[in-house]
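**Student:** What follows is each chain in one-letter form.
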Amino acid sequence: MTPETVRFAGFRTLLYKEILRFWKVSFQTVGAPVLTAVLYLLIFSHVLDRHVTVYGDVPYTVFLVPGLVMMSVLQNAFANTSSSLIQSKITGNIVFMLLPPISYREFFAAYVLAAIVRGAFVGVGVIAVSLLMVSLPVVAPGWIIAFALMGGAILASFGMIAGIWADKFDQLSAFQNFLIMPLTMLSGVFYSIHSLPPVWQTVSHLNPFFYMIDGFRYGFFGQSDVSPWISLAVVSACFVVLAVLTLSMLARGYKLRA
Amino acid sequence: MSSPAIRIAGVHKRYGALKALDGVDLEVRQGEFFGLLGPNGAGKTTLISALAGLTRVDEGELAVMGHDVVADYRQARRKLGVVPQELVFDPFFTVREALRLQSGYFGIRRNDTWIDEILASLDLTHKANANMRMLSGGMKRRVLVAQALVHRPPVIVLDEPTAGVDVELRQGLWQFIRRLNTDGHTIVLTTHYLEEAQTLCNRIAMLKAGRVVALDTTDNLLKRFSSHALRVRLAEPIGLDFLPGARDTGDGWVEIPFEAYGEVEDMLSRIRLTGGRVEEMVLGEPDLEKVFMGVMHDA
Chain A
1 MTPETVRFAG
11 FRTLLYKEIL
21 RFWKVSFQTV
31 GAPVLTAVLY
41 LLIFSHVLDR
51 HVTVYGDVPY
61 TVFLVPGLVM
71 MSVLQNAFAN
81 TSSSLIQSKI
91 TGNIVFMLLP
101 PISYREFFAA
111 YVLAAIVRGA
121 FVGVGVIAVS
131 LLMVSLPVVA
141 PGWIIAFALM
151 GGAILASFGM
161 IAGIWADKFD
171 QLSAFQNFLI
181 MPLTMLSGVF
191 YSIHSLPPVW
201 QTVSHLNPFF
211 YMIDGFRYGF
221 FGQSDVSPWI
231 SLAVVSACFV
241 VLAVLTLSML
251 ARGYKLRA
Chain B
1 MSSPAIRIAG
11 VHKRYGALKA
21 LDGVDLEVRQ
31 GEFFGLLGPN
41 GAGKTTLISA
51 LAGLTRVDEG
61 ELAVMGHDVV
71 ADYRQARRKL
81 GVVPQELVFD
91 PFFTVREALR
101 LQSGYFGIRR
111 NDTWIDEILA
121 SLDLTHKANA
131 NMRMLSGGMK
141 RRVLVAQALV
151 HRPPVIVLDE
161 PTAGVDVELR
171 QGLWQFIRRL
181 NTDGHTIVLT
191 THYLEEAQTL
201 CNRIAMLKAG
211 RVVALDTTDN
221 LLKRFSSHAL
231 RVRLAEPIGL
241 DFLPGARDTG
251 DGWVEIPFEA
261 YGEVEDMLSR
271 IRLTGGRVEE
281 MVLGEPDLEK
291 VFMGVMHDA
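These protein sequence lines map, in sequence, to chains A and B.
Using the numbering used here, the first residue of the first sequence is number 1, and each one after it goes up by one.
Using the numbering used here, the first residue of the second sequence is number 1, and each one after it goes up by one.
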């Protein structure tokens, strides 16, 4: 077997390694989040399905599925980059990725794409199990894919920032528990913001997670709280800001190269 | 003229008030087995990290095989293999997976023939499919060496590779590294085992407080700072002032330095003619430890 040198092989290998890393523990990284989302679905649908309809005649359980899917995509994209980076930093094996000739852009792209892949696996898993319980319409699949990709990329970037910045696991869990979780829960996963008092509707509009979920939901129902174009603009702007910040940290070697 | 394997020019690195590197200038020629010695905190690991791009220096230039480690980092890193000091590993992967990944990071696919060769040379073939977590410390150390070699770098830096390694493994490792050097690889070694450095290295640099305080061939350093010594224990104490450099070491022994073994017979006959009777005798070799202590004391 003759060795061959390949362009962008560093990026491709790092992407493969990051996917292999979560796939080797897929019970924990894919199976567990799917189960959590399905439990939410079972409990909320049992309690609320007969009492609540949204967007006119959409049953609550059906309304809930896209929100739960997107919540799972976002949380797992964040978890993938942040946990991988902090584990590598703490155990010291990050040196294996820093010694080779991999550019900081390749490094960023590989980590973000792998996180999107994990988010997609979990999202598809949640949809697949949900379809056993409800019939889910799909009005605009392009929007579904666009918001899943953008949402995953945003949270993957955010996870990279957290993973690079944090020196300890408890600092990382503070990110998850005090930032990601509240922003997700208050983004309209479980409700339409039109059901909120006006002041809370305004507050919800300041939450970028709201636009990710609202735009994603539009792809299923053709209805949303705000126009999907507005959501796409907000989400794209968020990604640009976070990507620039992450790339600048990587370019400077912040907390990675002394 | 070929470029040096490593060129370090005017390198400064500060961590707050601490000067980790304070104007280091150094060149390692291609094919050398070079020793980088110094006490803890001298700046050895910082210098290696700077060379590998893990640390950014405040001032100065570093190049590997003529490639600047910042401006031309891709080529510089392709030419360099680093065995880190810490015993690090990725617990998710087997030995073979770790080596394939490392090859891929350097842009090399289908590298299994070379990987198999490295595994065999390091006596790791039977552990190729074992998870890294399952390996002993010595085996993990050998995998680190293998990871540094997957891309066939012409320059290999080993940062204290035998720390905490048993004698048998150490011997095996040195045999392998010597073979790499014979095959043309440049080796840079840091170690606290000075007898290893003395045996293996052609040239040595000693660092103290971030500065190079000695740089010469191993032979010259030994000649300059250390010598052969005849140690004798006499039946009755006699004055040995007639032997230059003789000194009582305080434990009943007298140490007399000399340059060549031909001098020993003459020294013993002069002791005998003065009435001295030698009860025990030891011949001491020049010793890098003495050189090291001398240099560190004087610097």
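Hint data in this document are derived by calculation from the structure and do not stem from the laboratory.
Keep in mind that the hints are not guaranteed to be accurate.
Partial selection, computed: residues in chain B whose CB lies under 8 Å from chain A [unchecked claim]: (1) ASP68; (2) VAL70; (3) ALA71; (4) ARG74; (5) ARG78; (6) PRO84; (7) LEU101.
All C-beta atoms in this analysis are idealised placements derived from N, C-alpha and C, irrespective of residue type, glycine included.
**Student:** With reference to the structure, classify each hint as holding or not holding.
**Tutor:** Comparing the hints with the structure gives:
1. ASP68: Violated. Min distance 13 Å.
2. VAL70: violated, 11 Å
3. ALA71: violated, 13 Å
4. ARG74: holds, 4 Å
5. ARG78: Since chain A brings a Cβ to about 6 Å from ARG78 (chain B), closer than 8 Å, the hint holds.
6. PRO84: Hint holds; PRO84 (chain B) Cβ to chain A Cβ min 6 Å, cut 8 Å.
7. LEU101: With a closest approach of 5 Å, the LEU101 (chain B) hint holds.
Figure legend: structure checked against the earlier numbered hints; hints not met, in rising order: 1, 2 and 3.
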